[in-house]
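**Student:** Let the hints inform the model, and build the full structure from the sequences given.
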Amino acid sequence: MSEALTVDALALREEVKTKYRAVAVEPYSGYHFHTGRPLAQQLGYDEAVVAILPDSAVEAFAGVGNPFSLGRLKPGERVVDLGSGGGLDCFIAAGQVGSEGHVVGVDMTEEMLGRSRAAAAAMGLRNVEFRQGVIEDLPVEDGSVDVVISNGVINLCADKRQVFAEAMRVLKPGGRLQFAGIANGREIPAGALRNIDLWTD
Amino acid sequence: MLEQSGFIDVRIGPPVDTFGGAGGESKARLFEVFGYAFLAHKAK
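Sequence lines, in order, name chains A and B.
Sequential numbering of the first sequence, starting at 1, is according to our numbering.
Sequential numbering of the second sequence, starting at 1001, is according to our numbering.
There may be inaccurate statements among the hints.
[To be verified] Partial list, computed: chain B residues near chain A (C-beta under 8 Å):
#1 Ser1005
#2 Phe1007
#3 Gly1013
#4 Phe1019
#5 Gly1024
#6 Ala1037
#7 Phe1038
#8 Leu1039
#9 Lys1044
[To be verified] Dumping the calculated DSS-like pairs for lysine-lysine here, alpha-carbon to alpha-carbon at most 25 Å:
#10 A:Lys160 <-> B:Lys1027
#11 A:Lys172 <-> A:Lys160
#12 A:Lys17 <-> B:Lys1027
#13 B:Lys1044 <-> A:Lys172
Calculated from the structure, these hints are not laboratory results.
Predicted model only: the values in this text are computed from it and were never measured.
Even glycine gets a Cβ: it sits at the ideal position worked out from N, Cα and C.
**Tutor:** In structure tokens form, the structure reads like this:
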């Protein structure tokens, strides 16, 4: 059964693009959320793992939680990151799945893709690639991955059912979705839910 | 929504103070917004 979306999905997508293009280009400009190494520390990321990554791999990180906190990835697993941004979670995933595994980051902004691809190249990673696309229509084969990860992105999509349907489509039977998102403990007024600016600010 | 989408064995981790100390903290406090990790499985 379909439900009416609270905001125009395409308009929200454009607003999100604008916001995260800015983060990619100027990660230290100051946003309503933390970014980079301080954020990774606040969210409980393994400090030793993050410490050895170059700044270019970490500074545009803008997640909302730690998708690895409910379980490490296994060697050899194939992974897709929905909204990979600056690539931090892909790089951590690449370390966990090892050389026999593979990680695909999907992002819709050229600026984030440029940043994450450059960081991967600088680190010489061969088990990570980044593809341009939207997470409601993933550029990934049916039933081809063991784990779908995501961090702070699904909560920015108006049509979450479509995102979960896509995650289900690309996962192998028995595969898992592990992601971080935000949730509110107090009801948000309907007027605020319809205000696109409040989704991204 | 995860279960309605066909996922099973859904787990949710403890809340994380995602916006604490950030510019968006006051708005996050107003609506008790926190970050969470989620784990869900596709049936075999």
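**Student:** Each hint needs a verdict: does it hold in this structure or not?
**Tutor:** Hints versus structure:
The restraint placing Ser1005 (chain B) at the interface with chain A holds, with a minimum CB-CB distance near 4 Å, inside the 8 Å limit. The closest approach between the C-beta of Phe1007 (chain B) and any C-beta of chain A is roughly 6 Å, which is under the 8 Å cut-off, so the hint is satisfied. The beta carbon of Gly1013 (chain B) is positioned within 8 Å of a beta carbon in chain A (closest approach about 5 Å), and the interface hint is therefore held. With a cut of 8 Å, the hint placing Phe1019 (chain B) at the interface with chain A holds, because the nearest CB-to-CB distance is about 6 Å.
Of the supplied interface hints, the one on Gly1024 (chain B) holds, with its beta-carbon coming within about 3 Å of a beta-carbon of chain A, less than 8 Å. Taking 8 Å as the C-beta contact cut-off toward chain A, the hint placing Ala1037 (chain B) at the interface holds, the least distance being around 5 Å. Using the Cβ-Cβ criterion of 8 Å, the hint placing Phe1038 (chain B) at the interface with chain A is satisfied: the shortest such distance is roughly 5 Å. The interface hint given for Leu1039 (chain B) holds, since its Cβ lies 4 Å from the closest Cβ of chain A, which is under the 8 Å cut-off.
The criterion of a C-beta within 8 Å of any C-beta in chain A is met by Lys1044 (chain B), whose closest approach is roughly 4 Å, and the hint holds. Annotation: proposed proximity of Lys160 (chain A) to Lys1027 (chain B) holds, straight-line Cα distance about 23 Å (limit 25 Å). Proximity of Lys172 (chain A) to Lys160 (chain A) is assessed by CA-CA distance (about 20 Å); at most 25 Å being required, the pair is judged to hold. Restraint check: the Cα-Cα separation between Lys17 (chain A) and Lys1027 (chain B) comes to about 22 Å, which is no more than 25 Å; the hinted pair holds.
As the CA atoms of Lys1044 (chain B) and Lys172 (chain A) are separated by approximately 8 Å, the hinted pair is consistent with the 25 Å bound.
Taken one by one, the earlier hints all hold for this structure without exception.
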